Amino acid sequence: MSLGIVMVSHVSDVVKGIQRLINEVAKDVSVTTAGGTEENGVGTSFEKILAAFEENESDKILAFYDLGSAKMNLEMAIEMTDKEVILYDTALLESSYTAAALIQAGADLSAIEEQLAPLKIK
Numbered sequence: 075m076s077l078g079i080v081m082v083s084h085v086s087d088v089v090k091g092i093q094r095l096i097n098e099v100a101k102d103v104s105v106t107t108a109g110g111t112e113e114n115g116v117g118t119s120f121e122k123i124l125a126a127f128e129e130n131e132s133d134k135i136l137a138f139y140d141l142g143s144a145k146m147n148l149e150m151a152i153e154m155t156d157k158e159v160i161l162y163d164t165a166l167l168e169s170s171y172t173a174a175a176l177i178q179a180g181a182d183l184s185a186i187e188e189q190l191a192p193l194k195i196k
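In this note's numbering, the protein residues as written are 75 to 196.
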């Protein structure tokens with residue numbers, strides 16, 4: 075089973091920048107993004123999130139987001155995909171980067187989650 079990452083942000087440039095950073099340390103990890111609204115405004119899009127799930131080459135996805143309304147759209151999209159998606163309430167940049175680096179290094183999900191635990195947003 076392969077692990078991939080989906081990042082959701084209210085601004086496309088935010089997740090595209092993080093994706094670029096991740097690609098420097100985790101070239102083999104499938105990372106897809108959903109940023110902004112359908113009109114590329116500030117906000118999130120259920121359709122973009124669903125497309126990011128489907129475009130991701132992995133069968134199990136670790137999903138990260140920036141703000142609360144992104145989480146609502148993520149939760150709806152999770153219900154509509156056949157892929158297994160785990161949603162994390164953690165700091166977007168730090169946790170997506172950490173997860174990708176660990177996936178690249180061959181860590182299993184429990185080791186990844188142990189590293190993500192301190193990054194939880196309370």
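Misleading hints may appear alongside valid ones.
Pair ranges (Cβ atoms, derived) [unchecked claim]:
1. 125 x 178: 30 to 38 Å
2. 115 x 192: 15 to 23 Å
3. 134 x 163: 15 to 23 Å
4. 192 x 141: 36 to 44 Å
5. 87 x 184: 16 to 24 Å
6. 188 x 112: 33 to 41 Å
7. 97 x 187: 35 to 43 Å
8. 134 x 191: 17 to 25 Å
9. 157 x 180: 19 to 27 Å
10. 156 x 189: 37 to 45 Å
11. 121 x 185: 32 to 40 Å
Don't read these hints as lab results, they were simulated from the structure. Just so you know, these numbers come straight off a predicted model, no measurement behind them. Every residue, glycine too, gets a C-beta built ideally from N, C-alpha and C.
Quick rundown of the hints versus the structure:
1. 125 x 178: 30 to 38 Å: Violated: the Cβ-Cβ distance is about 24 Å, outside 30 to 38 Å.
2. 115 x 192: 15 to 23 Å: violated (34 Å)
3. 134 x 163: 15 to 23 Å: holds (18 Å)
4. 192 x 141: 36 to 44 Å: Violated, since residue 192 and residue 141 (Cβ atoms, about 20 Å apart) do not stay within the stated range.
5. 87 x 184: 16 to 24 Å: violated (33 Å)
6. 188 x 112: 33 to 41 Å: At 37 Å between Cβs, range holds.
7. 97 x 187: 35 to 43 Å: Given a distance of about 23 Å, which is not inside 35 to 43 Å, the answer is violated.
8. 134 x 191: 17 to 25 Å: Given a distance of about 19 Å, which is inside 17 to 25 Å, the answer is holds.
9. 157 x 180: 19 to 27 Å: Taking Cβ atoms as reference, residue 157 and residue 180 lie about 21 Å apart, which means the hint holds.
10. 156 x 189: 37 to 45 Å: violated (28 Å)
11. 121 x 185: 32 to 40 Å: Taking Cβ atoms as reference, residue 121 and residue 185 lie about 33 Å apart, which means the hint holds.
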